[in-house]
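Work the whole structure out from these sequences, hints included.
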Amino acid sequence: MSRLIRLDQTGHTELAQWSSSDPAAFERARAAMDAELARGYFAVAGDGTRSAEQVRELPADAELVILRRPIAGG
Amino acid sequence: MTAADGGLPLTGALPELADVPWRPLADEPALRRTDRRWTLWLVAQELPLVAIAVGLPLLSPLLVPMSLIALAFAWFIPDLWAAKGAEVLRPPRLPGGVAPSAETRAIGLLGDLIDHRARELLTRTGLVVERGRLGVWVIAGKGAVLVRGRGRRVECYCVRATGDDLPLADRIAHLLLALRADEPGFATVSNLSFSGARWRLSRRLPAPAKDGLAAAAMASGNRDREVSSSP
Chain V
29 MSRLIRLDQT GHTELAQWSS SDPAAFERAR AAMDAELARG YFAVAGDGTR
79 SAEQVRELPA DAELVILRRP IAGG
Chain F
108 MTAADGGLPL TGALPELADV PWRPLADEPA LRRTDRRWTL WLVAQELPLV
158 AIAVGLPLLS PLLVPMSLIA LAFAWFIPDL WAAKGAEVLR PPRLPGGVAP
208 SAETRAIGLL GDLIDHRARE LLTRTGLVVE RGRLGVWVIA GKGAVLVRGR
258 GRRVECYCVR ATGDDLPLAD RIAHLLLALR ADEPGFATVS NLSFSGARWR
308 LSRRLPAPAK DGLAAAAMAS GNRDREVSSS P
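Chains as they are written, first to last, in our numbering: chain V, 29 to 102; chain F, 108 to 338.
No lab work stands behind these hints: they were computed from the structure.
You may find that some hints are simply not true.
Computed list of chain V residues with no C-beta within reach of chain F, every gap over 12 Å [to be verified]:
| hint | residue |
| --- | --- |
| 1 | Gly39 |
| 2 | Glu42 |
| 3 | Asp50 |
| 4 | Gly76 |
| 5 | Gly102 |
Only some residues are given here: those of chain V computed to face chain F with a beta carbon under 8 Å [unchecked claim]:
| hint | residue |
| --- | --- |
| 6 | Leu35 |
| 7 | His40 |
| 8 | Leu43 |
| 9 | Ser47 |
| 10 | Arg56 |
| 11 | Arg58 |
| 12 | Phe70 |
| 13 | Gly74 |
| 14 | Ala90 |
Just so you know, even glycine gets a beta-carbon here, dropped at the ideal spot from N, CA and C.
Next comes the structure, spelled out in structure tokens:
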């Protein structure tokens, strides 16, 4: 089961789950991600402990997609 | 134009690069140039003080105290820069609004993003050590330190997630994800606050951060040996 997570003030919030066999769940996850991107979040897809890739569209095969806020030099 | 405007493709490169279009991408040659510039800048600051320290006693032995003061300044100037760099590994002041339960949840997720060894180090030091292509990174809530040159050289970068309401572990997770997604972009977006010897930075750190930096230096030494021995 793939997960869409947003990093926020609560620690994190799971916004959606989907699997390749459930297109409706994937559509819901995609809509949730689009809404967060519109709010200024950025999406990073990865396999957890090693790699991460900046994405604009929800990859159906990603294990984990995390929505993060922008970073800036302090 | 800002990152949120979508000036850059959001796949691959960090979108935040759109906020700093004037900066060259921080690759290996750029980092070496930055190191050289910092060293030259420091030498330029030190030379007049050392010249004063040497020259005054030659003019009159009565000026020896002034010479000692000049030497003290020569010692403290690089130390002040290192103190500025050390700030990135100190915990940020968080607003009282962050609930302990939020911090616990954030630590749980951050723990899922790193391997067992990094998790053990996180528990001990509050820092995440991550191997990259440019070197080994030590990531904290207010920025990250890049350890290079077999663990002898460090670059301290001030960078943080926007918004004051995030738990500390979430701040580290933000930086870790951005670093993994685009390491040169991450170094480019960040503000360099110190480049110099690791020992000088280490002197200014609290004990847990010292441990984290030492672990990164060891990993950097191993990494550089692997790189130099690979065909």
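**Q.** Violated hints, by number in ascending order, as checked against the structure
**A.** 1, 2, 4, 5, 8, 9, 10, 11, 14
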